[in-house]
Amino acid sequence: MRARKVMAGTLSVILAGSLLLTGCGSNTTQIAKEDIVKVWTFPVEKNYAKNFDAVKADFEAKNPNIKIQKEELTWAEGGKKFDTTVNAGNPPDIMFIAPSAKYISTGLEVPVENYLDAKTLADYYPSGLEYMKVDGKLYGLPLYMKIQTMGGNKKLLEEAGIDWKSIQQNGWTWDQFKQLVKKGTKTNADGKQQYGFVFNGSGVDFSELLDHLNMNNGLPYALDKNSKYTYTNPKFLDTLKFIRSLITEGISPKEANQITPQKRMDYLYSEQAMIIFKAMPYYEVVIADNNKKVADKTAPAGQKQIDFVLLPEPHADGQQAAVLGGVDGYTMFKQKSYNGDQEQHLKNIAKVMVALTSSKAGASAVTLNLPQVTKSGEDMWKDKYTMSPENKAEVDRLFKTIVPPTQVNPDKSLKAIKIYDEVIKPDYQALLGGDKTPERMFQDVQNKAKELFGQ
Amino acid sequence: MKKMADADNRWARNRQFIQDYGWSYIFIALPILIFLTFTLYPLLRALVMSFQTYHVMGSEWVGFKNYAYVFHRELFSKALINTLLYTLGTVPINIIISLGLALAIFQLGKKSQTFFKASFYLPAVASGVTISLVWLFIYDPMPEGLMNQFIHLFGFANVNWLGKVDTALLSLMFLTFLGGHGSGLILYLASLGGIPKTIYEAADIDAASTWSKFRNITWPLLKPTTLYMLVINVIGSFQVFMSAYLMTSGGPDHATTTIAYLIYQDAFEYFEFGVAAAESFILALIIVAISVLQFKYMGSDVEY
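So the sequence lines, in the order shown, correspond to chains A and B.
So that you can map any letter, position 9 of the first sequence is 8 in numbering that gives the first Met the number 0, and since no number is skipped, the others follow by simple counting.
So that you can map any letter, position 106 of the second sequence is 105 in numbering that gives the first Met the number 0, and since no number is skipped, the others follow by simple counting.
If you are wondering where the hints come from, they were derived from the structure by calculation, not from laboratory data.
Note that the structure is a prediction, hence the values are computed from the model and not measured.
Don't be surprised by glycine CBs; every beta carbon is placed ideally from N, CA and C.
Hints are supplied without guarantee of correctness; some may be wrong.
Claimed, not checked - Keeping only pairs whose Cα atoms sit at most 25 Å apart, straight-line, the calculated SDA-like set for lysine to any residue is: (1) A:LYS414 - B:SER76; (2) A:LYS32 - A:GLN343; (3) A:LYS417 - B:ARG14.
Unchecked claim - These stretches of chain A come out as covered by chain B in the derived footprint (C-beta under 8 Å, 3 or more residues): (4) 69-83; (5) 102-111; (6) 286-296; (7) 425-432.
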């Protein structure tokens, strides 16, 4: 009797298992006809999830055999998560990231030109595509053109007697910048310390100010067009001296290396910062949203409504003003072991990339107050921009001074990245904290460059 | 005929063995499988990787090149020194704090003991990430930061705790002093409860002072626990990663770059997995060597 029960139970389990497997099998066959393209992205702008979903729905309706699987990452951790998957040989098909020698060296970043026809590529402005190239090969497609600069509180600038309109039009040198911005460092009306210039020296991309000021000192990139390392030039030392002087002269907080982007914004909102770095055209939207919160009394205590103006970055005497610009966009990857027709899959990925960056996707550029990267996007969105006239004029001016991209040797680029990560970043924090002199930091960079580049 | 009988006997013995111990093997099979898959295999894989230049699409055998590079690398020496300083600065003090707390709590009644045990164990339950974020708030370098407000009461100006080379590592050490004593406290309290009261009574009859009782009775009888704490804490502090990663990113100027953080950077930021694997095995060897020395020199007069 007992044996019979055991037998019946066993057979039931086998039967159920078989049915389940049969079910799964038929499902697998059905799914196999669909190609799933994995896209990892970020909260690019406040409406991006909605904009992305609209593009996705549109694309999937037109391409029923391709499904887009989206994963939204955080700005703080997304890059690290992506790096891990790349090294496991299993990155997503499309990532919101700029092409880099670091990823190309893994062999998983895929040039896209072979998977796009000339007509599709012709929709993209060549200037935007240039930024998605490494060593002349196109690895991705841009979503929008971008610039990064400085911005200020109009009220505080005027209180300090700074003619911001003239600065917008004529720019300023490092000496002029220090002379004027110094006036913004004082005790404010709330009895709190106000600084003329607040920049983030902590958090994601904490060394950006150094890169921007190098650009404004005739050192646009670590590697020049001949792939020669440039940060051993004495101009680099001048940049370091200038940054350090901002702190020693009280223009910027002495705790600069602990100021995160969030804290920088808090300083702006509480009128403790007259000028901030970095700023982007999108800040007009972000700050307008915060102004609404202040009006509704839902903003943190002490925050004020800010009238925000974009400003050019100061440049070294005798050097041309330059703006760090370029594009943000999607880059194409493959997996180490792909089960299926990889060539067809890559073609499908390219199709998805085009949808995510052209025409309808241009809505994000509108929200970000940034120019379109495609003619189709331009046609669709050109009348939708709502930027303040003075900031719009400044953005147009700044775009004229953008430093063009350079195509450098990927191996040398990896070495430059190593110097940046192992020496420049940690030394820069120490420079901001007053633990390292500009001369000492410059010496460290020279030593490492000698070790890696022999120069 | 005899062969058939032997076969029957063997089968019967096997069946009996399975009946008696079958479940035991099934129960231990899962942990063994987990150990083989998630510990032994990655360990062996990492060992192989330490002799390779790792590439996702195919690695290259380089022999001892990674080890040679690590031994000559200035940053590794710096990370090693930072880790040693961190260990020397945290382990003895934390053991003393745990012991002091245990001695104080042991004098209390049952209910009070339970309350304090639970209270001190609470940080062990809380996520390390959360604790690090709370400490980031406490170490806010501006005058409004909590720690700065505290020192301001004594007339000191605000300090950039995590942003200065002199204070960054000390700040990471200090946060361990104010938390993480839960396990040590429980261990010491259990050991204190295991010391026979008659020994103290005999000492009382001899009019021994409190210090004399501690030095001659409590401390020697707590030595096994102290040795255990020392070994476990040294291993833990050599592997310190979370606070360096979350609070300082190893900076400024590598002042808080520990070996574990350097391994992480080499692997996941610079994609040099071979170097990172070599560093991991060097770290493992250092930990084993220190543990052996601890047992050899400090465990000689320990009675279990």
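*Any of the earlier hints contradicted here, and which numbers?*
Failing hints, ascending: 3, 6.
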